[in-house]
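> Sequence:
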Amino acid sequence: MGYKMKEFPVPLQEMCERYEKLFVANVYDVLDREGFGLPNQCLSIDIKPLTPHMHLAGPAFTVKGQRDVRTFEEMGDKGVWEDFALFRALFPNCVIIQNSEALPHVGAFGSIMARSAKNQGARGVVVDGGTRDAEDMLRIPDWKAFVRHWSPVESYPRYMANDFMCPIAMSGTLTHQVRVNPYDWVVGDWDAVVIVPQEIAYEVLLKAEEMQKMEDLSRRDLDRGDPVWEVFERYGRL
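If you want the numbering used here, it's the 1-based position in the sequence shown plus 34.
None of these hints come from the bench; they were simulated from the model.
Take the hints with a grain of salt, since some may be wrong.
[What the hints assert, rightly or not] Distance condition first, Cα-Cα at most 30 Å in a straight line; then the derived DSS-like pairs of lysine-lysine: (1) K152 with K55; (2) K82 with K98; (3) K55 with K98; (4) K38 with K82; (5) K152 with K98; (6) K40 with K55; (7) K40 with K98; (8) K241 with K40; (9) K98 with K247; (10) K247 with K55; (11) K247 with K82; (12) K55 with K241; (13) K82 with K241; (14) K55 with K82; (15) K152 with K38; (16) K82 with K152; (17) K98 with K38; (18) K55 with K38; (19) K82 with K40; (20) K152 with K40; (21) K241 with K38.
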């Protein structure tokens, strides 16, 4: 099945930036409660940003891999790394999302890969596993990384990416796994990462923006000392 990026009423970069201004909790609430009936779109809450204040959003560039102890010589070719095919396929404003099978001991995506991806226009990476060179990765301007852990252990030849821009399974919070299709929207902050099907990504954005607007008004009024019951009556949102 071929996957194509949906066209939206606003430019792609603007949509990314608007999503990154939102709290992921509001995006999740829209998916869960506002008529979409999608409560299982939250990735494992063990997947966290390298620093608390990272916000990341964009269409998914999916990377599929598995445990693999073979060398390139044993494999007979370099697969997705042949002629850097994976990096050549990256597109502006994408978010790399990689199912590293929650491997507990390796860093599947390091700072050199991050720099290479950023040069191709990627906004950041989400790894269901580890990163390496975490301190150096934090030196990359405007780069965001969401991972389970960091480790000095190189992934090759222990884990191998073997396909990209195909459906992948990421570990979930309320369900064992969350399916991510190419171009689905990946939205992350300190709470977690959620996946928004691209078919409804713009509608979800508008609803989440309105929800956050009401919450911001509630926060303002609560901060000035208004009783919670009055605030709820005004905005219907706490």
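> It remains to establish, for every hint, whether it holds in the given structure.
Verification of the supplied hints:
Between K152 and K55 the alpha-carbon distance is near 21 Å, which keeps this suggested pair within the 30 Å criterion. Of the pairs offered as hints, the one joining K82 and K98 holds, with about 20 Å between alpha carbons and a cut-off of 30 Å not exceeded. With a C-alpha separation of about 29 Å, the suggested pair K55 and K98 falls inside the 30 Å cut-off, and the hint holds. Taken as a hint, the K38 and K82 pair is honoured in the structure, with Cα atoms around 28 Å apart against an allowance of 30 Å.
With a C-alpha separation of about 19 Å, the suggested pair K152 and K98 falls inside the 30 Å cut-off, and the hint holds. Between K40 and K55 the alpha-carbon distance is near 21 Å, which keeps this suggested pair within the 30 Å criterion. Between the alpha carbons of K40 and K98 the distance comes to roughly 22 Å, so the proposed pair stays at or under 30 Å and holds. A distance of roughly 19 Å separates the Cα atoms of K241 and K40; the hinted pair therefore holds under the 30 Å criterion.
Between K98 and K247, the direct Cα distance comes to roughly 37 Å. Violation of the 30 Å bound is thereby established for this hinted pair. Distance restraint check for K247 and K55: the Cα-Cα separation of roughly 11 Å lies within the 30 Å cut-off, and the hinted pair is therefore satisfied. Simply put, K247 and K82 have alpha-carbon atoms about 25 Å apart, close enough for the 30 Å limit, and the pair holds. With a C-alpha separation of about 13 Å, the suggested pair K55 and K241 falls inside the 30 Å cut-off, and the hint holds.
For the suggested pair K82 and K241, the alpha carbons sit about 25 Å apart, so the restraint of at most 30 Å is met. A C-alpha spacing of about 17 Å is found between K55 and K82, which places the hinted pair at or below 30 Å, so the restraint holds. This hinted pair checks out: K152 and K38 have alpha carbons roughly 22 Å apart, not beyond 30 Å. Between K82 and K152 the alpha-carbon distance is near 20 Å, which keeps this suggested pair within the 30 Å criterion.
A C-alpha spacing of about 18 Å is found between K98 and K38, which places the hinted pair at or below 30 Å, so the restraint holds. Restraint check for K55 and K38: the C-alpha separation of about 26 Å stays at or below 30 Å, so the hint holds. Pair hint K82 plus K40 holds up; C-alpha atoms about 28 Å apart against a cutoff of 30 Å. A distance of roughly 22 Å separates the Cα atoms of K152 and K40; the hinted pair therefore holds under the 30 Å criterion.
Proximity of K241 to K38 is assessed by CA-CA distance (about 24 Å); at most 30 Å being required, the pair is judged to hold.
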